[in-house]
Each structure stands twice: as C-alpha cells, then as structure tokens.
Amino acid sequence: MNRFAILRVVAKLLIPAIMLFALYVQFHGDFGPGGGFQAGVIFASAFILYALLFGVVTARKVAPPRLINTTLALGVLVYAGTGFAALLRGGQYLDYSVLAHDAVHGQHLGISLIEFGVFMTVSSAMITIFFVFAGQDVDEGQD
Amino acid sequence: MAVTALALARVRNLFAVVMMSGIFSLTAAALYVVQDAVDVAFTEAAVGAGIATVLGLATLAVTRSEAEKKVRAVAFGPLLLVIVTGAALIYGTLDMPDYGDPAAPIHGHVAPRYLADSEKETGVPNVVTSVLASYRGYDTLGETTVILTAACGVLMLLGRNRRQKRNAPTRDSAA
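First to last, the protein sequences are chains A and B.
Counting in my numbering, the first sequence runs from 1 upward without gaps.
Counting in my numbering, the second sequence runs from 1001 upward without gaps.
Quick caveat, the hints were computed from the structure, so don't treat them as lab data.
Take the hints with a grain of salt, since some may be wrong.
[Stated by the list, open to error] Partial selection, computed: residues in chain B whose CB lies under 8 Å from chain A:
1) VAL1054
2) THR1059
3) PRO1112
4) ASN1126
5) VAL1131
6) LEU1132
7) ALA1133
8) THR1145
9) ILE1147
10) LEU1148
11) VAL1154
12) MET1156
[Stated by the list, open to error] Covered, in the sense of this in silico footprint (three residues per stretch, anywhere, with C-beta under 8 Å from a C-beta of chain B), are these stretches of chain A:
13) 44-50
14) 71-77
15) 98-112
16) 120-126
For each residue, glycine too, the CB sits at the ideal point set by N, CA and C.
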C-alpha cells in the first residue's frame, strides 16, 4: 500500500480542490466560461483520479454504481422536469420565464436547474464509463 | 496540430496514439482560446485532453493490444476517394465568408438579437450560457439525453457482460 505514497498524498490534497473547482465552474457558469457540462467532467475527474490511485474497487465503495446510475437518470429527469414545470405553470416547454414571479428570475432559476441536471448526468456518465472500462481487469481477477 | 495528426496516423504503438490524441486535443483547446472561444476550449481541454486520454489508457490496460498488423501496400482506390473528397471539401470552404467577417450570414440571423437582449431577458451575463440553456434549451436537453444514452450503452455492453458472461464459464468449469 506504500507504493505511490507521494502521488496519494498529493491526490488527497488535490481532490477536494478539484471538486470545489467543479462547483465553482458550475455556479459561475452564468458569468464566466463554464457550466454544467464542464463542471460535470471536472467533478468526474476527481473520482477518476481517486480510482486511478486507490483502485476501482475502493472507488466503487465511495461512489456505488447504484447511486451513480440513479443520478445518471435523475439529471435528465431534472432537465426534462424543468420543462414540464414550465408547461404546468402555463408557459411553453422549457420556457423558464414563467417559473418565478418575474421573467428574469424565472430564467435564472430555470438555467440553474437545467445546468444542475446536465451536471448530474455528465458527471455520472463519465464516472460510469470509467468504472466500467477500468473495472474490467479487476473483475476478471476476482473471478 | 498537423504534425501531431500526421504522426498519429503513422505510429503503430497504441500508447503513443493515446498520448498524441491528448496532445492534439490540448493544441485544439489552445487554438480555441486564441479564437476567443473559451467555453469550447474549456470543454475540449477537460473532455478531449483529460477524460478521453484517461479512458484510452484504461482501455489499453484492458485490451493490451500493441501494434496491429502493418499495412504495406498502398490502396489506390481509397486514396483516390479520400483525395477527391478532401478536394471537394476544400472547394466548398472557398465559398465560405472570411474568418471574422461581420457581413457573414451567421452574424446577421439571430446572433445580434441574442447579443443585444440576452442579458436583459435572462439576467445572465455569459451569452454562451444563456444561448445554450435558454434559447437553445431543446438542443441541450437532447445532448444530455445523448450522454445518458452513451452511458447506458456502455453499461449494457460491458457492465452486464462482466457479471453474466465472465461468471458463467467459471461456474461451468467449477461444476
């Protein structure tokens, strides 16, 4: 377990920073470059870094495939649900202006919601794909 | 970028191929920054240079395939086809407006309205975000669904296989 000690220590310092940066990209996407897609990828890369250094089996315990699969689908559900919420409030599908008392607030809320949906789906998808690919040899070894 | 692309086509070592496609993506990201497309550059750097490289390496770890059989003979039919297609594409670009030409059709359609009204209508200073999330909400919903589908596809192809097919032979051999 003492192999790559330096890498592990550095990664432990880096992973929270990467996650924080992902959230910054997520919520600052309205003002600077970024948004749900980029934030999702960065967030997933934190998990991938963890999986690379501590093994896919350990990483699967941190992010159980069941949870990841749920958030994977939930992201699209949140996105589409925002559209239906607009529909229910008397607007058109994905017309965020009706979501709040005035149009600009509604747009803001809608964009945040769908960006969050994108974030969930993208990060879960990236984590899933990596776990499945990287987990192949591990599972073969366990057999 | 051209050098990387040529080397990419020549090299037979798959590890080098993965590394060079990462370099290619990073160069592309730098190019996007030069063209002031920071959002695209951000995505390219994160996905193309970051995740795709790691995924490629993970795939290599599973398949362990080194250089495949070398192709020596030059296939003239496909080569001719590629040259003709390439020439047609380059001929097509001749009719495109110059880079950054303000009179280009794309700048006269809906772009001015987005640029002028987006902040007032959505309250979001970054026009890229407002166009992606609000004006083109359907497209982004579609993209998100594509990503979901991709993950589902990978899960179905590899995730299930792992449990059923890999386990089945060992149980048979044990019995």
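Hint by hint, here is what the structure shows:
1. Among the interface hints, the one on B/VAL1054 holds; its C-beta lies about 6 Å from the nearest C-beta in chain A, closer than the 8 Å criterion.
2. Because the closest C-beta pair between B/THR1059 and chain A is about 6 Å apart, less than 8 Å, the hint holds.
3. Nearest Cβ of chain A to the Cβ of B/PRO1112: about 20 Å, over the 8 Å cut. The hint is violated.
4. The restraint placing B/ASN1126 at the interface with chain A holds, with a minimum CB-CB distance near 6 Å, inside the 8 Å limit.
5. Violation of the interface hint for B/VAL1131 is found here, the shortest Cβ-Cβ separation to chain A being roughly 11 Å, above the 8 Å cut-off.
6. Interface restraint check: B/LEU1132 against chain A, minimum CB-CB distance 7 Å, threshold 8 Å, status holds.
7. Checking B/ALA1133 against chain A by beta carbon gives a least distance of about 4 Å; that is within 8 Å, so the hint holds.
8. At its closest, the beta carbon of B/THR1145 sits 6 Å from a beta carbon of chain A; the interface hint therefore holds under the 8 Å criterion.
9. Because the closest C-beta pair between B/ILE1147 and chain A is about 5 Å apart, less than 8 Å, the hint holds.
10. Checking B/LEU1148 against chain A by beta carbon gives a least distance of about 5 Å; that is within 8 Å, so the hint holds.
11. A least Cβ separation of about 5 Å between B/VAL1154 and chain A falls short of the 8 Å threshold, and the interface hint therefore holds.
12. A distance limit of 8 Å between C-beta atoms decides the matter here; for B/MET1156 the minimum to chain A is near 10 Å, and the interface restraint is violated.
13. A count of 3 residues in the segment 44-50 of chain A with a Cβ less than 8 Å from any Cβ of chain B is obtained; the coverage claim is therefore met, three being the minimum.
14. Given as covered by chain B, the segment 71-77 of chain A passes the check, having 4 residues with a CB less than 8 Å from a CB of that chain where 3 are the minimum.
15. Coverage of the segment 98-112 of chain A by chain B holds. Counting CB-CB distances below 8 Å, 7 residues qualify, and the rule asks for three or more.
16. Requiring three or more residues with a Cβ within less than 8 Å of a Cβ of chain B, the coverage given for the segment 120-126 of chain A holds, as 5 such residues are present.
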